[in-house]
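If you read the sequences in order, they're chains A and B.
Using the numbering used here, the first residue of the first sequence is number 1, and each one after it goes up by one.
Using the numbering used here, the first residue of the second sequence is number 1, and each one after it goes up by one.
If you are wondering where the hints come from, they were derived from the structure by calculation, not from laboratory data.
In this text the structure is predicted, and so the values were computed from the model without any measurement.
A couple of the hints might just be wrong.
Each computed SDA-like pair below joins lysine to any residue, with the alpha-carbon atoms no more than 20 Å apart [to be verified]:
1) B:Lys280 with A:Leu149
2) B:Lys303 with B:Gly66
3) B:Lys280 with A:Glu148
4) B:Lys130 with A:Pro124
5) B:Lys127 with A:Leu149
6) A:Lys127 with B:Leu149
7) A:Lys280 with B:Arg142
Some residues of chain B that are not near chain A, with every Cβ distance over 10 Å (derived) [said to hold, decoys possible]:
8) Ala28
9) Ala170
10) Ala211
11) Val305
Even for Gly, the Cβ is constructed at its ideal location relative to N, Cα and C.
2 protein chains.
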Amino acid sequence: MKEYQKMSESQLQAEYNSLISNYNTFKAKGLSLDMSRGKPGKDQLDLSMGMLDTLSSSDIINSAYGMDARNYGLLDGLVETKKLFADMLEVEPKNIIVGGNSSLNMMYDAVARSMSFGVCGSTPWHKLPKVKFLCPVPGYDRHFAICELFNIEMINIPMTEEGPDMSMVADLVKNDDSIKGIWCVPMYSNPMGITYSDDVVKAFANLKPKAKDFRIYWDNAYCVHHLTNTPDTLLNIYDECEKVGSEDMVFEFASTSKISFSGAGVAALAASEKNLNFIKKLLTIQTIGFDKINQLRHTRFFKNVDTINEHMEKHKAIIAPKFDAVISALDANIAPYDIGSYVKPNGGYFISFNTMSGCAKRVCELCKDAGVVLTGAGATFPYGADPDDSNIRIAPTFPPVDELNTAIELFCYCVKIATLEKLISEKKAA
Amino acid sequence: MKEYQKMSESQLQAEYNSLISNYNTFKAKGLSLDMSRGKPGKDQLDLSMGMLDTLSSSDIINSAYGMDARNYGLLDGLVETKKLFADMLEVEPKNIIVGGNSSLNMMYDAVARSMSFGVCGSTPWHKLPKVKFLCPVPGYDRHFAICELFNIEMINIPMTEEGPDMSMVADLVKNDDSIKGIWCVPMYSNPMGITYSDDVVKAFANLKPKAKDFRIYWDNAYCVHHLTNTPDTLLNIYDECEKVGSEDMVFEFASTSKISFSGAGVAALAASEKNLNFIKKLLTIQTIGFDKINQLRHTRFFKNVDTINEHMEKHKAIIAPKFDAVISALDANIAPYDIGSYVKPNGGYFISFNTMSGCAKRVCELCKDAGVVLTGAGATFPYGADPDDSNIRIAPTFPPVDELNTAIELFCYCVKIATLEKLISEKKAA
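Work the whole structure out from these sequences, hints included.
Given below as structure tokens:
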């Protein structure tokens with residue numbers, strides 16, 4: 001094992017010079033590769049093309065329940081689409097609102113509504129001196145961006161291998177009624193790829209928040225997005241909440257964006273009837289209804305949860321090799337040097353990589369200069385501020401495998417170079 | 001001419017008894033008819049079924065401009081869909097954001113954004129002691145509902161045959177910086193069916209609002225929805241504004257909800273680049289993008305404005321006879337008695353009917369009791385409060401013609417009965 005930390009300054013410098021030479025060879029290739037966002041590849045999108053044949057001009061576009069899906073009406077979605085999402089999220093159809101194409105938009109709306117109108121009769125948040133959200137870190141940059149836009153103060157919550165640090169969460173929400181929410185990606189979390197343990201889910205259900213309008217924003221984006229034959233399992237938070245009477249505390253979000261089409265899927269919100277009744281009273285002023293033809297298209301194509309799971313096997317066959325390629329490259333090029341940590345996820349869209357402290361920004365910069373775009377360092381933390389400057393989110397799904405191999409090879413060189421720069425500068429300073 | 005106002009009390013009572021007998025015959029039929037909302041009929045929705053064949057599993061779903069419409073991206077819409085809306089609204093593509101399926105949602109978002117974030121850098125409205133909107137009356141109930149929800153005070157502006165009373169509008173906005181907007185349906189207005197005159201549009205462009213964040217909410221919902229061969233024409237407000245440098249003052253909205261599918265169309269916002277740049281900065285936090293496959297479907301089916309106009313001729317062929325049926329019934333049964341006023345519109349979705357003062361609620365109640373649902377009396381005014389209790393919005397498009405004939409026949413009886421009740425009670429009081 002070639003441990004950089006044991007090398008002398010001149011050994012480090014020699015290694016550095018050799019790596020820079022390799023790096024410059026890459027740079028000369030004029031690459032233009034993107035591993036920045038969790039986008040499905042073209043071949044994944046091809047998997048759902050059959051959906052476009054489920055409705056044609058010769059069809060009757062009635063819902064199975066007699067509703068003309070083409071006309072106005074049905075604010076909360078087609079009966080059969082509500083059932084499909086209810087089955088996927090293991091709740092009742094009465095607990096579902098089917099929305100437009102974007103679960104992010106449903107999350108944004110949930111926060112925006114609370115700012116303007118409160119939650120189930122509470123004071124509108126914009127009238128409060130301070131509103132805070134808890135943010136397990138590293139986490140999803142778009143969640144944090146919503147908070148930042150609405151001037152909601154974000155408090156970092158460390159992630160363990162089982163999920164957020166729940167004793168910290170429980171203490172904070174019990175004592176501070178300005179804490180109104182927590183962002184969670186409970187299954188195959190963005191970016192860590194871990195799934196919350198049963199104990200963590202139970203601890204969520206048993207939170208005793210001081211704020212009556214505290215909600216758990218449960219972004220179950222990857223609930224059927226397995227990468228292995230031994231997938232993780234996630235306890236149903238809604239069931240756990242019902243057991244202790246806390247079901248009003250959860251807003252659960254999901255979509256088909258990474259099941260069917262990222263730009264043209266269907267999103268849904270699951271919540272208690274009390275929450276949904278409040279939301280629907282406001283939603284009916286906002287829109288007459290979302291796109292029910294697309295809801296019908298999805299319901300006809302996917303039919304039920306079993307068919308969705310079969311469909312997800314096809315996604316797995318395409319993207320699992322991409323995750324394997326990244327992990328193999330990291331195992332071969334990073335692990336022996338002990339200069340970064342990562343975990344192979346069982347599902348989801350990301351690999352979370354931690355450099356040595358203070359190297360993440362430099363790695364992203366080196367990659368970018370050589371034509372490979374990563375999610376910006378810091379993006380996985382509120383305000384873009386990673387206190388250790390060490391977390392990098394790798395998104396392997398979009399590039400074809402050959403491009404991905406090139407990109408990750410370059411990435412490994414960049415991690416080594418950034419690490420050596422740090423070590424050499426430390427030696428010089430010592 | 002049988003003028004009720006000249007009859008004696010006993011003559012009125014005899015007429016009333018005869019009408020009630022007819023009314024009861026209707027009531028016994030157990031009707032269940034709906035003229036309450038501007039919904040297209042099934043045969044109108046059938047006109048766009050070909051759209052469902054424009055994309056199938058054997059197609060490449062790329063935009064003409066190389067974008068995979070299935071994936072994430074393009075916040076403001078496909079290039080070709082922006083062009084289609086730009087041509088329809090006679091602006092440049094750079095002035096368009098293509099949204100989801102609902103222009104109402106885009107209007108709601110425009111107001112919600114202003115409440116939370118202001119307009120192009122102005123103070124967020126929720127921080128102001130008072131925000132007011134001008135509301136030409138009668139108008140569209142869903143516009144008023146948005147204001148009511150956000151606690152925006154609404155000021156009634158009388159409509160003339162040329163549009164809103166512009167000297168009143170100009171005076172108010174010049175002197176009161178709490179007035180932040182005015183709701184307009186400038187072409188085939190909801191519910192009056194009139195089109196704003198050139199002078200009115202020019203007066204709008206030349207407003208000098210005290211509030212820098214005052215915007216004209218120009219809901220051009222019926223811009224291609226003609227009912228005759230001599231359609232109205234509407235001056236392009238954006239052009240008029242550009243002539244005098246006031247183009248930042250307009251938010252224009254449109255959709256295909258009454259061109260293609262009411263539940264699954266495409267909506268758009270047109271505005272100046274300054275406005276759109278501000279909006280896009282916020283919108284990018286709200287969503288990654290709207291449904292681009294549906295945008296592509298619409299663009300492939302409709303191609304250009306000429307094709308849209310040809311398509312609208314088919315709508316006209318279906319719904320113009322329905323408007324004719326209503327107008328004929330009113331001409332035959334109401335006009336000779338001088339007990340109500342109405343205008344035959346050249347386009348749009350509504351006929352606005354004015355009863356004698358104090359009769360509208362009673363007419364709607366009588367209709368409802370006999371199984372015919374109208375838009376609730378008062379709905380065409382802010383807060384549901386029609387000061388004269390006289391305006392009723394008739395929506396003739398949804399029912400088949402035979403049902404419509406029954407419904408309007410009943411409506412005429414109800415107008416007569418309500419009028420006689422009023423006149424008899426006045427005689428008794430005198």
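Here's how the hints hold up against the structure:
This hinted pair checks out: Lys280 (chain B) and Leu149 (chain A) have alpha carbons roughly 13 Å apart, not beyond 20 Å. About 17 Å separates the Cα atoms of Lys303 (chain B) and Gly66 (chain B), which keeps this hinted pair within 20 Å; it holds. Between Lys280 (chain B) and Glu148 (chain A) the alpha-carbon distance is near 16 Å, which keeps this suggested pair within the 20 Å criterion. Under the criterion of a C-alpha separation no larger than 20 Å, the hint pairing Lys130 (chain B) with Pro124 (chain A) is consistent with the structure, at around 17 Å.
Between Lys127 (chain B) and Leu149 (chain A) the alpha-carbon distance is near 16 Å, which keeps this suggested pair within the 20 Å criterion. Proposed proximity of Lys127 (chain A) and Leu149 (chain B) is supported: the alpha carbons are some 16 Å apart, at most 20 Å. Pair hint Lys280 (chain A) plus Arg142 (chain B) holds up; C-alpha atoms about 15 Å apart against a cutoff of 20 Å. No Cβ of chain A comes within 10 Å of the Cβ of Ala28 (chain B); the nearest lies about 27 Å off, and the non-interface call holds.
Every CB of chain A lies more than 10 Å from the CB of Ala170 (chain B), the least distance being 30 Å, so the non-interface label holds. Every C-beta of chain A lies more than 10 Å from that of Ala211 (chain B), the closest at about 20 Å, which supports listing it as non-interface. Separation of Val305 (chain B) from chain A is adequate, the least Cβ-Cβ distance of about 23 Å exceeding the 10 Å criterion.
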